[in-house]
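Peer 1: Sequence:
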Amino acid sequence: MVLYTSPFPNSFLSVLHSFSWGLIFPCYWLADRLVGSFVPTTYEKRQRADDPCYFHALCIIITTPIYLALLVASLPFALVGFLLWSPLQSARRPYIYSRLKDKSHANGATLLTEWKAAGTGKSFCFGSANVCLLPDSLARFNNVFNTQARAKEIGRRIRNGASRPQIKIYIDSPTNTSISAASFSSLASPQAGDNRTVSAGIKRTTSMEYKGDNCGSNNGEESREDKGGSGEPHEGEENTCIVRINGEENGHMSDAETDAANGQARASGPAEPPLEGDAEISKTPNHKQKEGDSGSLDSCSASRESLVKVRVGDGTVDQSTVNNKLLYKASIMKKTSVRKKKHTDETFDHEISAFFPANLDFLCLQEVFDKRAAEKLKEQLHHYFEYIVYDVGVYSCHGCCSFKFVNSGLLFASRYPVMDAAYHCYPNGRGMDSLASKGALFLKVQVGSTPQDQRIVGYISCTHLQAIAGDTTVRCEQLDMLQDWLSEFRKSTSSSSTANPEELVAFDVLCGDLNFDNCSSEDKLEQQHSLFTHYKDPCRAGPGEDKPWAIGTLLDPEGLYDEEVCTPDNLQKVLESEEGRKGYLVYPTSKNHSSSQKGRKASLKGNGRRIDYMLYTEEGLYLEWKVEVEEFSFITQLAGLTDHLPVAMRLMVSTGEDDP
1 MVLYTSPFPN
11 SFLSVLHSFS
21 WGLIFPCYWL
31 ADRLVGSFVP
41 TTYEKRQRAD
51 DPCYFHALCI
61 IITTPIYLAL
71 LVASLPFALV
81 GFLLWSPLQS
91 ARRPYIYSRL
101 KDKSHANGAT
111 LLTEWKAAGT
121 GKSFCFGSAN
131 VCLLPDSLAR
141 FNNVFNTQAR
151 AKEIGRRIRN
161 GASRPQIKIY
171 IDSPTNTSIS
181 AASFSSLASP
191 QAGDNRTVSA
201 GIKRTTSMEY
211 KGDNCGSNNG
221 EESREDKGGS
231 GEPHEGEENT
241 CIVRINGEEN
251 GHMSDAETDA
261 ANGQARASGP
271 AEPPLEGDAE
281 ISKTPNHKQK
291 EGDSGSLDSC
301 SASRESLVKV
311 RVGDGTVDQS
321 TVNNKLLYKA
331 SIMKKTSVRK
341 KKHTDETFDH
351 EISAFFPANL
361 DFLCLQEVFD
371 KRAAEKLKEQ
381 LHHYFEYIVY
391 DVGVYSCHGC
401 CSFKFVNSGL
411 LFASRYPVMD
421 AAYHCYPNGR
431 GMDSLASKGA
441 LFLKVQVGST
451 PQDQRIVGYI
461 SCTHLQAIAG
471 DTTVRCEQLD
481 MLQDWLSEFR
491 KSTSSSSTAN
501 PEELVAFDVL
511 CGDLNFDNCS
521 SEDKLEQQHS
531 LFTHYKDPCR
541 AGPGEDKPWA
551 IGTLLDPEGL
561 YDEEVCTPDN
571 LQKVLESEEG
581 RKGYLVYPTS
591 KNHSSSQKGR
601 KASLKGNGRR
611 IDYMLYTEEG
621 LYLEWKVEVE
631 EFSFITQLAG
641 LTDHLPVAMR
651 LMVSTGEDDP
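Counting from 1, position 599 in the sequence shown corresponds to residue 599 in the UniProt record's numbering; the numbering is continuous, with no gaps.
Simulated from the structure, these hints should not be mistaken for lab results.
Misleading hints may appear alongside valid ones.
What the hints assert, rightly or not - Straight-line alpha carbon distances no greater than 20 Å define the calculated SDA-like cross-link-like pairs of lysine to any residue that follow:
| no. | residue 1 | residue 2 |
| --- | --- | --- |
| 1 | K371 | V586 |
| 2 | K45 | C566 |
| 3 | K547 | F348 |
| 4 | K116 | V586 |
| 5 | K371 | R99 |
| 6 | K547 | S521 |
| 7 | K371 | F403 |
| 8 | K116 | E502 |
| 9 | K536 | E346 |
| 10 | K491 | F403 |
| 11 | K524 | C476 |
| 12 | K371 | L23 |
| 13 | K547 | K491 |
| 14 | K45 | L34 |
| 15 | K371 | N142 |
| 16 | K491 | R455 |
| 17 | K45 | R33 |
To be verified - Restraint-style ranges between C-beta atoms, simulated for each label pair:
| no. | residue 1 | residue 2 | range |
| --- | --- | --- | --- |
| 18 | S86 | E114 | 43 to 53 Å |
| 19 | R48 | S11 | 46 to 56 Å |
| 20 | E619 | R48 | 52 to 62 Å |
| 21 | R372 | S86 | 14 to 24 Å |
| 22 | W21 | R430 | 23 to 33 Å |
Glycine is no exception: its CB is placed at the ideal position from the N, C-alpha and C atoms.
Construct all of the structure, not just a fragment, from the sequences and the given hints.
Peer 2: Rendered as structure tokens:
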């Protein structure tokens, strides 16, 4: 299948489309600004309350007539542009495939050589987020604004979080819960390629030096040599540091040692200059860095909860008393969470994290509707992801029953090469949703090859269902169509037979904003849909019941700019408490309580509305392989930038030969 690298089959149509959109854009921009000036966010309302001179009201009085006059003047040009633009959409392709042009940072082909499925398994990390990048006037109805600046900051945070080193700390002694000051000093300031033993019982198996953009996908020679020698990490854990601590029994860290560790960590890591293109400082509240805000990893401090989690024997310990000033260069990938202590029967790790997972392999985004914002987001993501599929969907009346003003809002980014892609539009959208070409994006990626030159592939699907409350029937119909399209895509892209397989399927993952939760009584039909018999939900105990550690992913828009939750670290701390979740998450609807979120103390079902899903299946995979969830995360790194919590899942593909 040919991947489309441009929206039109020839340059003439592309030029004609650019010309027609150039005639439409002034009218579109003026209308967006005009409507947006009358839809303030809670942040703007607070600012205006402190304005004794009513300066903003005066600006609206002055600018509104100007906007109206210019809007009227631009209408004839917009009409001509629309008459050209609309028929061109019949020739438009359903997506744009972008590959990083800078060969010095391109390493997708290198990744394919890392896993040969010969004796070892490999882990893959998937992320999904609804980023609410609508035109600014529409985004304000969700209490977010400045779409263009948010798009750039979202991209920065994602790629900085994903490209940080992955560090795992294990304490061998079940009675020792300490990490010495010397240990943290070594952890904070290693020398690149230095693999010697740095203190008693601590072994650094790869460099932890943060190398800036794309470091998560570039592996040094030292790293590869160490992995081959140790035999402990699985393949695919590139840029990973494993620290083993053999402590004495009853060991502990004194206050003096803790202070020494903090001082050494601060002294050992001078702040790096900002990355290229990141010197611009936005005036929106979403981008203000406060003490302890590690959201974009550009501050010299990070919360101890975000940086230090350890595994002790069969139990878990939160090393929360140690070193809350570690450099972001040595951010530690948490292996457990605070809430994990209460649910030790779970077979995989789960957490609320202030960072996107290190070594994130695949990213699926929803509501990337604004085309200019999509370009800015793509530019930032290309610092880490080599392959991106964006501007997915159809416009005008082409391909769907009703007129479509915006695309599907889906975007996919990958470190591994994309082999095939397909998009389908849901034809049954209603209300405001019918104006967007919501649908499903299906992708096939290559993640390795066997010694016999058989391709190892994976399937990833991303979707966004009907949003309007009460449209249960519509969503169930869309889930039916989604299952049919999944089956068709697998059949149409498979190039192997059972007798002579040319490809081995390692995983099949489905993610997206499904706009229903697993606890609301109004969503019973969706909860019992047959999709969940074929795909597994790691957060789901059964229809109508989530696992105790799972939390909602839909934030209460009214509280987005509260100081308690406006930074990743603060939001993480709030969501780790039940009272905090009641104040800032949207809960399943019920007739027994009001819809107001603020200050509600009544007993509520579940831990919030979880409408963003990460599903996987074992059906249709290579029979001799086993797929297991290794880790599941709810992520707060986009605090203040969107009204959804991103989610991430790490899958371990075991070949059956690497088990002890």
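Peer 1: If you check the beta carbons of S86 and E114, does the distance land in 43 to 53 Å?
Peer 2: This hint holds: roughly 47 Å between Cβ atoms.
Peer 1: Hint check: K371 vs V586, CA-CA at most 20 Å. Holds or violated?
Peer 2: This hinted pair is violated, its Cα atoms lying about 29 Å apart.
Peer 1: Can you confirm whether the C-alpha distance between K371 and N142 stays at or below 20 Å?
Peer 2: Given that 20 Å is the threshold and the Cα spacing comes to 19 Å, the pair holds.
Peer 1: Look at the Cβ atoms of R48 and S11 and judge whether their distance stays inside 46 to 56 Å.
Peer 2: Holds: the Cβ-Cβ distance is about 48 Å, inside 46 to 56 Å.
Peer 1: Starting from K524, check that the Cα of C476 is at most 20 Å away, please.
Peer 2: 10 Å, holds
Peer 1: Holds or violated: K547 with K491, Cα cutoff 20 Å?
Peer 2: 34 Å, violated
Peer 1: Is it true that the CA of K547 sits at most 20 Å from the CA of F348?
Peer 2: 13 Å, holds
Peer 1: Do the alpha carbons of K371 and L23 lie within 20 Å of each other, as the hint requires?
Peer 2: 16 Å, holds
Peer 1: Straight-line Cα separation of K371 and R99 no greater than 20 Å?
Peer 2: 18 Å, holds
Peer 1: Would the hint linking K116 and E502 be met if the CA-CA limit is 20 Å?
Peer 2: Within the cut-off at roughly 14 Å; holds.
Peer 1: Given a hint of 14 to 24 Å, does the C-beta separation of R372 and S86 actually sit inside it?
Peer 2: Because 20 Å falls inside the window, the suggested range holds.
Peer 1: Taking only the CA atoms, is the gap from K45 to L34 under or equal to 20 Å?
Peer 2: 17 Å, holds
Of the numbered hints stated above, those contradicted by the structure are hints 1, 4, 10 and 13, listed in ascending order.
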